[in-house]
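Since chain A is already given, all that's left is putting chain B on it; use the hints.
Residue-level listing of the chains:
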Amino acid sequence: MSTSLFDIVLEYIDLIFLLFSSILFCLFVFMGYFSTRNSLHYKNKNSFGDLSKVMASPIAPTITIIAPAYNESLTIVENIRSLLSLKYVNYEVMVVNDGSKDDTLQKMIEAYDLVKVEREIDPNWKSKPIRGVYKSKLLSFAKLTIIDKENGGKSDALNTGIFLSESRYVGCIDVDCLLRPDALLHVVKSFSQRTKKRVIAVGGVIRVANSCTISGGTLEEIKLPKKWLARFQLLEYTRSFLLGRMAWGRIDSLLIISGAFGFFDREIALAVEGYDTNTVGEDMEMVFRMRRYMHELKEAYTIEYIPDSLCWTEVPEDLNILVNQRDRWTRGNLETLYKHKDMFFNSKFGRLGLISYPYWFFYEWLAPLLEFFGFFTIIYFWYLGIINWDFFIAITAAIYVFSITFSFYAILWDVYTYNEYKKTKDILMLLLCAILEPITFHPILVYSAVRGNLKKLFRVKSGWGSQVRKGFAKAA
Amino acid sequence: MNLTTQTYKSLLYVNSTATDTNVLWNLTFLFLGLGLLYFIFIFFFKNKLSQKAVKTASKRSELAPVISNFLFHSPKDSKDEQKEYVNLKIEIREYLRDKGFRKILAEILFDLQKDVSGTTEERLFKLYRELGLHHDAFAKLKSWRWEVVSKGILELTQMQVGESYQLITKFINDKRGTIRKQAEIATIKLRHEGIDYILDSTSYAISEWQQLKMIEALSGLKDYEPPRFKSWLISENKDVVLFALRLIKHYNQNDAAASIIELIKHKNDQIKLAAIQCIKDFNFVEAKSTLRDVFLVCNDEVKIQILGAIAIFGNESDIPFLNGVSVKELNFLVSSKARSAMNSIAPESVLPTKDITKTKAAGSDIEIPLGEEKKPSIIHSDDTITVSISDEYLEIETTDEMDVFEIDDSESDEIKNKEIVDPVVVVPEETDFDFEEMDNETVSSLDVELGLLSSENDDVYHSKVNVEEYAEMDFADKDTYLENMEETVDSKQVEFLEIVMEHEVESELRFKAFKKLKKLKTSFPVKKILQKESEETSEPTSSIIVESELPETKQSKDIVIGKEQESVFYPLFQKAVDLDSKLLLIKQMESLGDEKEIVFLQKLLNSKESKIVKLSKKTVAVLEKKLSDSIQDIYANDDEINLLDTLGDDLINPSQTFELENNIEAPYIEEKGEKDNKLPLELCFLYDEFGINASEEKDDDFDFELSEEFFLNLSNQKENHEH
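In order, the protein sequences belong to chains A and B. If you read the first sequence in the working numbering, its first letter stands for residue 13, the second for the next number, and so on. If you read the second sequence in the working numbering, its first letter stands for residue 431, the second for the next number, and so on.
Same shape as in the complex, but just chain A (with noise of 0.2 Å):
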C-alpha cells in the first residue's frame, strides 16, 4: 500500500470517526434536555389525582394481560398469583404455555383448581395449535385464563393471547416479571387520556427486581442488587429508560416498547397480524409495523410511554446468558431494521423515517461494530508507530468523562423523580458503577453485539437461549 492511499484512508477513518462522535455528543445532549423537560411535564402532570378512584368504575375500559409461560413451573404458581392481585377492575390475566416440557400447566392446574372450558377457535389463525383452554372453577380466580398451546417460541404465544382475548387493549409481559399494583390504571390512563390521537401503544420502564424483598407476589423493599453484573444492567437500564426512551417519547419516535412490559391496542395489534415470529426482535419489529400501519392509515396516533416504576424484573446475573441475550436482541434489531429498510431516510414517515430509524442503524447497531473496528485499529496504529498519544488520551478522556457524567445525569433524574434507592451506600455503589462501566460492562455489550453480527452474517442457527429463573420467592 503506497504510503499517499493509506494516508487518504486515515483522513477518512480520521473525518467518519470525528462525525460520528460529534453527532453522538449531540444526540446525547439532545436526549438529556429531551427527557428532562419530559420528565418535568410528567411529574407535575401526575402530582395531583388519585388514580385509585377511577380503579373500580365500571366503565373502565378492559385489559388482558398475556404472560407467555416456558419451563416455568419454579415460579408460575407465585407470578400468576402476583398478576391477580393487581389493583383494576375490569382485567383478565392470560397464561399462555407454550408446550412446557416440564409441569408447569399441572401446576396451574393444581393451584388455581382449573378446569378446560370451550373455545371457538378461528381455523385460519396462524399460530400453534392450541391444545386446551382453562379456567378456574374458584371465582376468586375467575380473571384468569390458561392457555395450552403446541410449543410455537414466545411470539406465537403472545399472538395465540392476543387473539383469543376479548379485551380493548393486550399487555405483552414476561411472565416472571413482578408489576405494581396499580400498574394497570396507569397503563389505561396512558391508553384513553388522549383526545386527539389515538394511543396504539403503551410503553413503560423496566426495573431490575434482583436482590429485592418480594413477599406475597408484591415488591417489599427495594435493594440494589448484589452482582456486579447486575447493577451494571440497573444502571444501563436507569439511562437507558429515564433518558433515551423518555426522550424519544417527548417527540413521539418511541421505535421500541420493551417485550417485558408492553401494552398494545388489540384492534391495531390484529390489523397487523401481531408480533412476526420469523424474528428475534418481535418486539421492536411489531411496533415498527403497527406505525407504518397507522401512518398508511393516516390516522393521528402516537406510542406512549410511562416513566413510573411500574414494572420489576430479573436480569442475567451470568455472563455467559448476559451474552446471549445482547446477541439475540442484535440480530433482532438487524432483523427489523433490514426488515423495513425502505424507512431509512424516508420522509414518507416523517420524523420516523428522517430521525429515529436512522439513529437506530448508526447508534443502535453500527455502533458497537465501529467501536470494535476502532479498538483493532488503535491496536494497529499503534503497532505501526503513528499514534498521535497527546490526542488519543484528549479524546478518550474526554469521552470516557462524558459517558460517566451522562450515566451521573440519568441516577440525577432517577433519584429526583423516583428516588428508588434510598440508601445512601446504593447510590455511591450506582455511581462507582458509572465510572466503571465504560471499561469493563461495555466492552461486553460490544462483543456481544459483534457476535450477533456476526452470527447473522452467517447465518448461524440460534434462537432465544435460556435465563434461569431464580424465581422472586427466593430472592426474598
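Some clues are possibly wrong.
Here are some chain A residues pointing at chain B (derived, C-beta under 7 Å) [unchecked claim]:
hint, residue
1, N58
2, F60
3, V66
4, R131
5, E132
6, T417
7, I423
Hints listed in this document are in silico derivations from the structure and should not be mistaken for laboratory results. Remember, it's a predicted structure, so these values are computed and weren't measured experimentally. Ideal placement from N, C-alpha and C gives every residue a C-beta, glycine not left out.
For chain B alone, coordinates are given in the frame of chain A:
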C-alpha cells in the same frame, strides 16, 4: 503539551478538521465539572427530599394536637379548654403570617381531608376557611404556571370552597389541558348543576379517562339528582354526545329510546358502541331493524356488539339474518358471534363442527360396513365407520317401508336387511376410522346419504319453521293442514304434533293433533336416531342410536342429545364452586327434577368425583321411577305403546314398556304441599276431553271414597224425609 498540533496532513479534497487537543482537554474538564455538579445535585436532592419528608412529619406531629383541638372544640367545653382554645387561636394567627407555615398547614389539612368524613370533614372545611388558607389557593389561580393553577383548583375543590365555583368555571375552556380537566372535576364537585354547565359549555374534546373521572366525581356527590342526559344527545360536540350516552347508561335513564336508536347511525364508532350498549342494557327491542340496517357498514367491533344485542332480544325471525352473517361474514370473530347469537336465541341450534373427536359409547356399537373408499354409501361388513352428526339434533326413524340408509349400489339390499334385523347404532369410534381425515364435504355428503341430514342448509330450523307457519294460519287452514299431514314417521313431524298438542288453543285442533300423533306412534315402530352429547372433554361428539321395535333388541340405549343444558340445574351446577354445593343441587333434583334432569344427571355419571357419580345414579333411579309412574298413568291405551315413543325426544329407558290398562286414568297428584307433581291445567282439560279419569286415591291410611253403605244410608234418609 503541544497545543496546536495538527493531527494529520491534508492530502485530499476531504480533510478532517484540525482538532485542537487543548479543546478536547477543555471538553474533558467541562464534562468532569458537570459530572461533579451532578454528583453534588444527586446528594442535594436526595437530602432535600428526605429532609422535606422529615420536616413534614415533625410539623405534622407538632400541629396535629392543635388541629384536633380546633376540629373537636365545642362551646360546651370546660372553661380551661375554652381558654386554651382562645390562646391557640391567637398563637396560630401569629404563625399564619409566615407563608411557609401556611403552606405546610394547608398541606396537612389537605392530607387530613382524605381521611375524615361527616361532621369532622365539615369542621375541617370550616377551619380551612377560618384560617384564611383558601386565599392562598385563590392566589394560585392567578399564576401563569399551569401546574400551580391546577393545584389551586384542586385545593379549592377538595376543601369545598363554594365561592370558587364561578372562578373555576372560567377554566372550563382553557387551552391548557391539565387546567381544563381539573376545572371540569371541580365544577362537578362544587355544585350539583356543574355537570350541566360542562355539557352545555365545553367546546373541547373530553377524553375517555376524563369521562371516567367525572362519572366517579358524580358518584361521590351526596343526594345528587342527575338531570335527564338525553338533552345532550343532540350536542354538536361528539364527546358530549358520547359522555351523555355513558351517563344515560350509568344512571339507567331509559327514556331516550328514539335518540339512542338514531345514534346507531352515527359516524363515530365509539358513539355507535355506546348507543348499542344502552340498547342492550335497556332492552330496546325496537332498535332491532336499525341494528340490522347499519350492520353492513360497521366495523368488526361494532358488528360484534350488534350481534350481541340481537342475541339478547332477538327471536326466531332473526335467525335467517344471523345465519346469513354466519355464512357470509369473512371475519371469524363476527361469524362466530353470529353463531353464538343463534344459539342464544335457539339454544343448541348450532353445534361445534371442528375438531370433534369421536367417542365410543359402551355397548352401543354398530358396525356399518365400509367400502374401499371412505364414502359410507358402500358398506362392507368387515369394516366399521364412525359417523358424526355435527349440525343439529337429528332423528332417524326406520320403518319397513323406509330405509334408514339410502344405498345406491348393488349391496343395498344386504344393508337394508341388516338394518332391519338388528338395532342400528352408529357411534363415534376413534379406533376404527379417523373421522378427522374426512373433509367437510365428505362428512356432509355422508350425512345426507345416510339420511341423517337434509342437504338443505335451513334444515336445522325445519320443525321450528313449520310451527311458525302453522301459528300464522287461521282455524280452517290449521284444520286442513293437520288433516292433510302425511302420515310418515318423521321425527320432525312427531315433534311438530307434540308442540301443537301442547300449545294449540283450540281444543279441536289439539285433539286432531293428538289423534294424528297416536296414529303415527301406534302404526309405526319406534326408532330413534339421536345425537350423543359431548364427552367430558367438552368436545361434543355425536352418536346415533337406532332402535328397532323388535323384541329381540339386544341393546337399548339412553337417549342423550346434549340436552343437559336444558335442565334448570345446569347453570346452577356450572356456578357451584365446591363439591358440597353440587351434591346439594343433585339432591334437589330428586324432588324437583324431570326428564331434563335425568339427561343432565347421566352426564354427571362421567364425573371424576365418586360422590357425584353415586348420588347421580341414585337420583336418576328415583327420577326414572317417578317419571315412569307418571307416564304409566298418563298414557294408557288398548294397544301396547312404547314409552320411548310417547316421550318424544326426552329421555326414557326404552326397555321400559308397559302393559297399560284399558281404563285410562290421569296420574294421581300427590298432595305434598309442593307443586312438583301437579299437572298443567290445560293437560287436565285434555284428559277430560279424551275421557281420561282421575286416578284413584292411593293413600292407604285415608280413604275418602264413600262406601256403598254410605250412599244407601243417604238414600234411605232422603226417602224418610220425603215421607
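Legend entry - Hint status (Cβ of A:V66 to nearest Cβ of chain B, threshold 7 Å): This interface hint holds because 5 Å falls under the 7 Å limit.
Legend entry - Satisfaction of the A:N58 interface hint, Cβ to chain B closer than 7 Å: This hint is violated: A:N58 lies away from chain B, its Cβ roughly 10 Å from the closest one there, beyond 7 Å.
Inset, instruction - With a cut-off of 7 Å on the beta carbons, see whether A:F60 makes it to chain B. - result: With a closest approach of 5 Å, the A:F60 hint holds.
Legend entry - Interface hint compliance - A:I423 to chain B, C-beta minimum distance less than 7 Å: Result: holds, 6 Å to nearest chain B Cβ.
Inset, instruction - May I ask you to test the interface hint for A:T417 with respect to chain B, counting a Cβ-Cβ separation under 7 Å as satisfied? - result: 4 Å, holds
Inset, instruction - Classify the hint on A:E132 as holds or violated, based on whether any CB of chain B lies nearer than 7 Å to its CB. - result: It holds, given that the least Cβ distance between A:E132 and chain B is near 5 Å, below 7 Å.
Legend entry - Evaluation of the interface hint that places A:R131 against chain B, nearest CB under 7 Å: For A:R131, the interface hint is violated, since the closest Cβ of chain B sits about 9 Å away, which is over 7 Å.
Violation of the numbered hints given earlier is confined to hints 1 and 4; the remaining hints are satisfied by the structure.
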